[in-house]
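J.: Sequence:
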Amino acid sequence: MIELNKVSKSYGPKHQKHTVLDRVSFTFESNGTYGLVGPSGSGKTTFLNILSGLDSFDNGSILVNGTEIANLGQDELSKLRRDYFSFAYQFHYLLENLTVYENCLASDLSASESDITNILENLGIGELTHKFPSQISGGERQRASLARALTKKPKILLLDEPTGNLDENNSAVVQELLLNYTKQNDCLMIYVTHDLPFAERADKILRIENKSLSF
Numbered sequence: 087m088i089e090l091n092k093v094s095k096s097y098g099p100k101h102q103k104h105t106v107l108d109r110v111s112f113t114f115e116s117n118g119t120y121g122l123v124g125p126s127g128s129g130k131t132t133f134l135n136i137l138s139g140l141d142s143f144d145n146g147s148i149l150v151n152g153t154e155i156a157n158l159g160q161d162e163l164s165k166l167r168r169d170y171f172s173f174a175y176q177f178h179y180l181l182e183n184l185t186v187y188e189n190c191l192a193s194d195l196s197a198s199e200s201d202i203t204n205i206l207e208n209l210g211i212g213e214l215t216h217k218f219p220s221q222i223s224g225g226e227r228q229r230a231s232l233a234r235a236l237t238k239k240p241k242i243l244l245l246d247e248p249t250g251n252l253d254e255n256n257s258a259v260v261q262e263l264l265l266n267y268t269k270q271n272d273c274l275m276i277y278v279t280h281d282l283p284f285a286e287r288a289d290k291i292l293r294i295e296n297k298s299l300s301f
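When we follow our numbering, the leftmost residue of the sequence shown carries the number 87, and every step to the right adds one.
Quick caveat, the hints were computed from the structure, so don't treat them as lab data.
Note that CB positions come from ideal geometry on N, CA and C, so glycine has one too.
Heads up, a few of these hints could be off.
To be verified - In silico DSS-like cross-links for lysine-lysine, where the CA-CA straight-line distance does not exceed 25 angstroms:
(1) Lys103 with Lys165
(2) Lys241 with Lys100
(3) Lys92 with Lys103
(4) Lys269 with Lys297
(5) Lys290 with Lys241
(6) Lys269 with Lys238
(7) Lys165 with Lys100
(8) Lys239 with Lys297
(9) Lys92 with Lys239
(10) Lys239 with Lys217
(11) Lys165 with Lys239
(12) Lys217 with Lys238
(13) Lys217 with Lys241
(14) Lys217 with Lys92
(15) Lys290 with Lys103
As the list claims (entries may be wrong) - Each pair of labels, with its calculated beta carbon distance range:
(16) Leu195 with Pro99: 16 to 22 angstroms
(17) Leu184 with Asp144: 35 to 41 angstroms
(18) Asp272 with Gln221: 31 to 37 angstroms
(19) Thr113 with Glu188: 33 to 39 angstroms
(20) Gly98 with Phe301: 27 to 33 angstroms
(21) Asn255 with Lys100: 47 to 53 angstroms
(22) Thr203 with Gly152: 18 to 24 angstroms
(23) Asn183 with Pro125: 18 to 24 angstroms
(24) Lys165 with Asp144: 22 to 28 angstroms
(25) Ser220 with Ser300: 23 to 29 angstroms
(26) Leu195 with Phe301: 33 to 39 angstroms
(27) Tyr97 with Ser200: 34 to 40 angstroms
(28) Asn255 with Lys217: 18 to 24 angstroms
(29) Lys217 with Ser116: 32 to 38 angstroms
Model the full structure from these sequences, guided by the hints.
T.: Quick look at the structure:
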């Protein structure tokens, strides 16, 4: 589903370049779970953004379902993301003027009320359906962000610290839901986490460190 071939990424002017990835090659299958770990600042979030075309890369090739994303314009990249990807980040990025339910619906206007309600209930936030982001806690906002991502029923789910703001009990609930969801829907999930036991529950653990990707 996603094939990287000798991908490099750096930031800054030529004489002060900071290289994040150096000639990284890897193939993600069309389904399954991948836990992504590594030191802070190693480029884990950048890596997720590169996979979906949210961030550019310097050299190499990335194919998403056979399409070379480096050759796509912004409109084409937006369509690719709509067709394949859903995202949830540690900072929730919910639309403040929409309720939790409306945030979920905004990700897929064809989603049924029962599907959205079921996702919210499974995440333990069913009672927050008509609340606005400003009216709920940080952990609840994070779960609402996950609900929004799952509402879309994506082929590829990219998650950045999906349990980072959750207590132990809610983290366990979210982990079970995400891992089961991926199996039941035959999709690909790549998630960044500092929680090593959670990473170890993935089908494969990947580590970003020293500009490279290892497993």
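J.: So, for every hint listed, does it hold in this structure?
T.: Status of each hint after checking the structure:
Distance restraint check for Lys103 and Lys165: the Cα-Cα separation of roughly 31 angstroms exceeds the 25 angstroms cut-off, and the hinted pair is therefore not satisfied. Between Lys241 and Lys100 the alpha-carbon distance is near 37 angstroms, which puts this suggested pair outside the 25 angstroms criterion. For the given pair, Lys92 sits about 18 angstroms from Lys103 by alpha-carbon distance, which is consistent with the 25 angstroms threshold. For the hint pairing Lys269 with Lys297, the CA-to-CA distance comes to about 31 angstroms; that exceeds 25 angstroms, so the pair is violated.
The straight-line distance between the Cα atoms of Lys290 and Lys241 is roughly 18 angstroms, inside the 25 angstroms bound, and the hint therefore holds. Only pairs whose Cα atoms come within 25 angstroms are accepted, and Lys269 paired with Lys238 is accepted, the gap being roughly 16 angstroms. Simply put, Lys165 and Lys100 have alpha-carbon atoms about 32 angstroms apart, too far for the 25 angstroms limit, and the pair is violated. Restraint check for Lys239 and Lys297: the C-alpha separation of about 32 angstroms exceeds 25 angstroms, so the hint is violated.
Taking the CA atoms of Lys92 and Lys239, the gap is about 30 angstroms. The hint is violated against a cut of 25 angstroms. Note on Lys239 and Lys217: the hinted pairing holds, with a Cα-Cα distance of about 23 angstroms set against a maximum of 25 angstroms. Using a Cα cut-off of 25 angstroms, the hinted pair Lys165 and Lys239 holds, with the two alpha carbons roughly 16 angstroms apart. For the suggested pair Lys217 and Lys238, the alpha carbons sit about 20 angstroms apart, so the restraint of at most 25 angstroms is met.
With a C-alpha separation of about 28 angstroms, the suggested pair Lys217 and Lys241 falls outside the 25 angstroms cut-off, and the hint is violated. Under the criterion of a C-alpha separation no larger than 25 angstroms, the hint pairing Lys217 with Lys92 is inconsistent with the structure, at around 45 angstroms. Between Lys290 and Lys103 the CA atoms are separated by roughly 31 angstroms; this puts the pair beyond 25 angstroms, and the hint is violated. Separation of Leu195 from Pro99 is about 43 angstroms and departs from the stated range, judged on CB atoms against 16 to 22 angstroms.
Between Leu184 and Asp144 the C-beta distance comes to about 37 angstroms, which sits within the given range of 35 to 41 angstroms. Checked against the hint of 31 to 37 angstroms, the C-beta distance between Asp272 and Gln221 comes to roughly 36 angstroms, which is consistent with it. Evaluation of the 33 to 39 angstroms hint for Thr113 and Glu188 yields a pass: the beta carbon distance comes to about 37 angstroms. Separation of Gly98 from Phe301 is about 28 angstroms and conforms to the stated range, judged on CB atoms against 27 to 33 angstroms.
The hint said 47 to 53 angstroms for the Cβ distance between Asn255 and Lys100, and at roughly 50 angstroms that hint holds. Hint check: Thr203 to Gly152, Cβ distance near 36 angstroms, so the stated range 18 to 24 angstroms is violated. Between Asn183 and Pro125, the C-beta spacing of about 37 angstroms breaks the proposed range 18 to 24 angstroms. Distance hint check: the CB atoms of Lys165 and Asp144 are about 24 angstroms apart, consistent with the given range 22 to 28 angstroms.
One distance hint, 23 to 29 angstroms for the beta-carbon pair Ser220 and Ser300, is violated here, with the actual separation near 42 angstroms. Checked against the given bound of 33 to 39 angstroms, the beta carbons of Leu195 and Phe301, roughly 38 angstroms apart, stay inside it. Taken as a hint, the range 34 to 40 angstroms is violated for the pair Tyr97 and Ser200, whose Cβ atoms sit roughly 45 angstroms apart. The supplied range of 18 to 24 angstroms is met by Asn255 and Lys217, whose beta-carbon atoms lie about 20 angstroms from each other.
Judged by the Cβ atoms, the range 32 to 38 angstroms given for Lys217 and Ser116 holds: they are separated by roughly 36 angstroms.
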